[in-house]
Each structure stands twice: as structure tokens, then as C-alpha cells.
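*Asks:* Starting from the known structure of chain A, fit chain B onto it as the hints suggest.
Sequence order for the protein chains is A and B.
Residue numbering for the first sequence follows my numbering, starting at 6 and increasing by one per position.
Residue numbering for the second sequence follows my numbering, starting at 789 and increasing by one per position.
Since the hints were made in silico from the structure, they are not lab data.
Take every hint as true, because none was put in to throw you off.
Okay, the calculated bits of chain A under chain B, using three or more residues with CB under 8 Å as the criterion:
id, stretch
1, 105 to 112
2, 115 to 128
3, 159 to 166
4, 180 to 193
5, 248 to 254
6, 260 to 272
Once the Cα atoms are required to be at most 25 Å apart in a straight line, the calculated SDA-like pairs of lysine to any residue come out as:
id, chain 1, residue 1, chain 2, residue 2
7, B, 1062, B, 980
8, B, 1020, A, 256
9, B, 900, A, 79
Backbone N, C-alpha and C define an ideal beta-carbon position, used for all residues, glycine too.
Residue strings, one per chain:
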Amino acid sequence: METGDYYQKKVCIVTGANSGIGYALSEELLKRGATVYLLGRNAAKVAEAAGKLAAHGDRVRTLVADVTDGAQMRAAVEGAAAEAGRLDLLFNNAGVGLTVPFERIGLDEMRAVIDANLWSVLYGTHAAVPIMLRQGSGQIVSTSSIGGLIPVPFQSLYNTTKFAVTGLSESLRYEYAARGISFSAVCPFFIASAIFSKGLDGSTGDQGIPAGAYPADRAAAFILDRVAERQGIIVVPEEPFLGLWREYANGDPGMEAFMLETARMRGQQVERGETPTAVPPLPP
Amino acid sequence: MNNQGYYTDRICIVTGANSGIGYALSEELLKRGATVYLLGRDPAKVAAAAGKLSSHGDRVRTLVADVTDWEQVRTAIEGAAAEAGRLDMLFNNAGIGGTLQFEKATLEDWKKIIETNVWSVVYGVHAAFPIMLRQGSGHIVNTSSAAGIVPPPFQALYSLTKFGVTGMTECLRYEFAEKGLFFSTICPTNIATPIFQRSADGPVNEKAPIPDDAYPVDRAAVEILDAVAERKGVIVVPEEPGTAVWRGWAAGDPETEAYLMQMAHDRRVAYETKGSYF
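Bound conformation, chain A alone (with noise of 0.2 Å):
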């Protein structure tokens, strides 16, 4: 569909917009014509990335903020809607990856994922939302997974702040509808991003992005089409995984037979020392 203008002039935040599907939203963002402050924890890194979008110019801005922080949250959200005299949408995108045996998983980890992943994204729209209020309009964007729609064994904690994400989005897209915000969780899955090696501190290692992962740009490109339709939940790429979720909900048995296999897999990953990230062939 043609969107082309959709973002033109539009003041946008992209939180965790360095790397991955954030940066590559905020870069089909720029080339849309919108404003976008990119947010993230690492001034330098930051910068960096600020600096590869240079040729857009003035529209390029940067917000320094650890989003598992609620008062450095709603200062970066607030201050930037100030400057910038208002703020049209704001995508809750950081967060971290964990797949792992749950029995592996201590609770200072547990804590550090739900912090990454959910309350991120609950301390921006907390933010956001009354200034949405006051403006009449606006879009929070979070990203979720197709781990927030289909439960992946093995990702129990990801899962859990994933689904959380899912749910929040959905029941304020329906609670706002009449008041002019919109809400979408973007389920992506396997995109190529550094989710893959980056460790819940913020470090990155050299596991790699792996051979198959979806362009990241290509998901951008796609996602933000999808938002400008206002589309609530936004799959990527949309198939075959949107009908996974709907064969998960239905209870279809070809479905929970791929489950469990992706379980075994997994399983026998674990046993062997790898990370369980193995995925069956998909049900007919």
C-alpha cells in the first residue's frame, strides 16, 4: 500500500535504536521524512548510530536513557515532546533476548529480563500516553515476538515478558480507540539483528546473526507500513507465523505436535551444550 507520506514531519522516539530492528526502524523512518530521536543507554553508541543517519540532517536527534529507569524514561519522553513540541510515536523496541532452561535461569536474571523487556516498555507508554492524551493523537509501537503470541519452550522468561507486552498492547489499543492513540505489538520473529548476541548487561559477543534471519531493513520497511494502517498486532514476516498463532489458539494438533518436537529438539540441544534455538519442520 501506498504510505509513502504517512510519517512525513512526524516526531518520532525509538528506544533501543543503536542496533537491530530499532535502528533499522528509525533509518525507513528518516527515509520516510519523520523526526526521530533515537534512545539508548550508551551515550557513545548512541552517537554512532546518530551519526550513520547524518544525511538526514537536523532530524536526526539523540535521547540518552536506560529504559529499565522510570525517572530517566519519562524525563527522555517528556523532554524530547518539549523540544520537539510534541510527539506523534513512540516505539518501545529495546529489550533483551534469553532462551535458556528455565531451571537454568536465577532470579537476578529473571528480574533483569522482565526489567529489560516489560518494564521498558510500561515506564515509555506511562510516559507517552498522557501527552498523547492531551495532543488527541498518537502511536506506541512495542515490540513483542512471536514468542509474546506462541509460547517457545525454552525462552519460559521471554515468553513471559513477551505475552505481557502482547497483552498490554492489545487492551489499550481497544481502550484508546475512541480517544485517538493506537497500539501495535510487533511480532517478529528470527529478523537479523544483534538480539542474538547481546548479553543482558548490554555486551555483545560473537555468537552471530544466524544463516536464514529475515533482512532487518526488509522488517522495517514492512512494520511501519503496518503501523500507518494501524494495525494492532503485526507479525514479521507474516507468514507462515500468523497461522501458527491462530492453529496455536484453535488447539489444532498438527500444532501441538511441532510444540512438543520443538521441545525435544530443544531438549536434546540442551543436553548437548548448545543453545536451544532448533525449530522442526513447520506442520502442514
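*Replies:* Below, chain B without anything else, positioned relative to chain A:
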């Protein structure tokens, strides 16, 4: 269905057992022959609940613990398992409601509902699964909600926590399927319980009415335990219309979309005209 023997001599812990679904599950488990540890935060209320069930003799036990405190949860669960010699079933049932306008919720409200509805379940699972793994068997039953599979407007806080519980529990069901551990997610709609009097944004209000059209809690407990005995994953109680709405929402069905939009409209009008949905 005939699964009356399934619960005989099982060692069970039920959190939030003083009232509501927790009390009804405890009573039905006792009727079916289980030993039940009633767990709650308030010793007097736990004792009162146990007193009402005293005809079941020494199969009624009590545990006092705050489900939002890891050390207390661990001590209670490990203590019960040590005393009884095993732990067959844990019902992570304790929780509070949160039906309010998003913009009225403070970050403190959010913290309270996430601690009570999400961390309580994480703590319970974290304490119980090593015991069950050692046994090679066990069943953990977490109380989510219909709002944990369908996102109702004006319940963003509650829905966030319950979606989290659904995602975690279903994930663990697959993950531990080969290890002899079972997981079930209970998704009740509108059951006649005091949850309507316990909201994240205020103190307990025992005068708040329980809706007239709510489903009887003892009937819900029977249906839940029948489904748990079948080792079902997601258990919607009553099964309809919750299941149909879930599937309709996932399918992007226009009628379901219109139903949820109408719910949003009705609830908004209720807040704007009388200040409360219930």
C-alpha cells in the same frame, strides 16, 4: 467424567486459598481425597479457611507466607514437601484484580500487580520444580484469566500480568513435557469470587459487589480439576464464550473485533458516567 481417583492421596499446595477460586479448589481437592496445604498471608484467615474444612481431618494443612516474598515462598513450599515427603501439585492461584483506566494507574499500582500476579507465580514455580524434577513427576497449575488469552479494555494492568502467566506456563508445559512435569493454565471468566474486591489501585473493599451474572465458583473448581486430571494445558472456565473469543481475536475475526470495541465503549461510558465499571 470419572477421575475421582486421580487426586486421592496427592500432596497439593494451593496459594490464595482463603477465598475465591483458591478456597473452592482446596475444598474440591479435599473432597477428592487429596492432602491440601492452604497457603495465605494472613494467619487468621488461613486458620479460618482450614476451620471450615476441618471435616477432612489431618488432610487439611496450613502454610503462612506472602507470595510476593521469595524466601517465604521457598520456605513454605520446601517445608511442606519435606513434611509430606513429596509434592504432587502446586496451584499458584493467589492474585489481585486491576480493572481501571490506564491513565489513572500509577507506577506503584503497576509494581503491586506485577509483584502479586507475576512474581508470585515465578517464585512458586522456581521453588517447586526442583522438587518435582527430583521426584520425576509433578503438576503445576497457574491461575491466569480469560484476560490472559484475550486483552480486555480497561484491564491493561491485569491483562499484562495474566498474558505473562499464560506465556510462561504454556512455555514450561512444552519445555518439561519429557521430564514428567505437567503445567496447566487456568483462564477463568467472571467467576463469583472476592477478586472484585481486591484491585491493584486500592485497599480491599469488602463492600464492592460481586456481579450477579458471575459463574458459581464451586462449579468452576469441579470443571478445573476435571481438566487438570486430563493434563490439559489451557483451561478456559467456563469454556464458552471465552474460547470462542480467544480464537476470534487470534483469527482477526471482525465480529470479535467489534465485540471488544463495544466492550471498550461500554466500559468508557461507565467510567465517565458513574466513575466505575463494576
